[in-house]
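Residue-level listing of the chains:
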Amino acid sequence: MSIDYTIDHIATPDAVAGVGTKTSRGIGLLALGVMTWVVVSGLFLTPADKNQGDSVRIMYIHVPTAWIAYLAFIVTGAASLIVLIKKKPALGFDRVAGASAEVGVMFMALTLISGSLWGRLTWGEFWAWDPRLTTTAFMFVTYIGYLAVRNLGGSQQQRAKRSAVLAALAVLQIPLVHFSVVLWRSLHQSASILSVDGDIKMDGLMLFTLFTGVIGFTLTFIWLVMHRSRLMLMRGVIEDRGLEAAIRERQRDTAGASQ
Amino acid sequence: MKDATFIFLTYGLTIGVLVALVVVTLRRGSALARQVADQDKPWL
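Read top to bottom, the protein sequences are chains F and U.
Residues 1 to 259 in the numbering used here are what the first sequence lists, from first letter to last.
Residues 260 to 303 in the numbering used here are what the second sequence lists, from first letter to last.
No wet-lab data here; the hints were simulated from the structure.
The beta-carbon is built from N, C-alpha and C at its ideal position, and this holds for glycine as well.
A portion of the hints provided could be inaccurate.
Said to hold, decoys possible - As a list, the in silico DSS-like pairs of lysine-lysine whose alpha-carbon atoms are at most 25 Å apart:
#	chain 1	residue 1	chain 2	residue 2
1	U	K300	F	K22
2	F	K22	F	K88
3	U	K261	F	K50
To be verified - If you want the ones that stay clear, here's a sample from chain F, every Cβ over 12 Å from chain U, calculated:
#	residue
4	I61
5	L81
6	A168
7	V182
8	L207
Said to hold, decoys possible - Selected chain F positions facing chain U (Cβ under 10 Å, derived; list incomplete):
#	residue
9	G42
10	L121
11	M226
One chain only, chain F, in its complex shape:
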């Protein structure tokens, strides 16, 4: 092995600027710190609930993941509306919409899993065809469909417009899911934190853990969306480069055939 090869081999990975920046690293570290606190507090520091017992600890995960899934789909919907309204191609907003939906689907899956584990402890079964659970599952499937539509053929602009229409419609499910516990008779408990009259129903440390959980998951969501939208941009650049190369090759072939 030559010295040149060794130097090149070691130097290459460091020479390439990745997807991380000072800001994203800061957000990532903050998310890590907050999430560590949530896990420690949720598992060991908070008291058991007088009605739910220790199963209430699942709430510190379940409730924030559900909220972040809503947030993710609202971001997808808002970014998609901008894509539809703007005359010029708004591919940056399309990437944010796509990245947010990817992360939202993951959070929604975590919500369904943590909810079914909590349901097994509280209701005695993993799943019930309850209005909240059914509408949530339907929303989850809709966004999987949205991600599938994003991968259909066409130019980046065509795909952006097509998926934006679907996202702008899909976001309308959020109020239906959220208010399903009020609209229909539901097994699922109603608001966990605020009662209808605005009174807070939780103990101080329990509320603080839930609140920090929302912050920790939000920071994680922001970090993931930042990085995943950058991945999409790089994939688009590579895709465009491949397309340009194919066009050049085709032009060369056509020119060669006409001579």
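Given chain F's structure and the hints, the job is docking chain U onto it.
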């Protein structure tokens, strides 16, 4: 702690999935970044 299996499973799954997604994102980002010039990375 009562029902510890379910509770630890919830926390383990959630944190595990998040860590896995972060690792996949960083690895894919690093792989793609090698194929794209720095001028095509507007965040730099």
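Taking the hints in turn, this is what the structure says about them:
The suggested pairing of U/K300 with F/K22 holds, with an alpha-carbon distance near 15 Å, which does not exceed 25 Å. For the suggested pair F/K22 and F/K88, the alpha carbons sit about 31 Å apart, so the restraint of at most 25 Å is broken. For the proposed pair U/K261 and F/K50, the alpha carbon gap of about 13 Å is at most 25 Å, so the pair holds. Once the 12 Å rule is applied to beta carbons, F/I61 is inconsistent with being away from chain U; the minimum gap is 5 Å.
For F/L81, the condition that its CB be more than 12 Å from all CB atoms of chain U holds, with the nearest at approximately 23 Å. Residue placement check: F/A168 keeps its beta carbon more than 12 Å from all beta carbons of chain U (closest about 26 Å). Even its closest Cβ contact with chain U, about 26 Å, leaves F/V182 beyond 12 Å, as expected for a residue assigned away from the interface. Under the 12 Å C-beta cut-off, the non-interface status given to F/L207 relative to chain U holds; the minimum distance is some 19 Å.
A cut of 10 Å between beta carbons decides the hint on F/G42: the least distance to chain U is about 7 Å, and the hint holds. A least Cβ separation of about 5 Å between F/L121 and chain U falls short of the 10 Å threshold, and the interface hint therefore holds. Interface restraint check: F/M226 against chain U, minimum CB-CB distance 8 Å, threshold 10 Å, status holds.
The structure is inconsistent with the numbered hints 2 and 4, although it conforms to all the rest.
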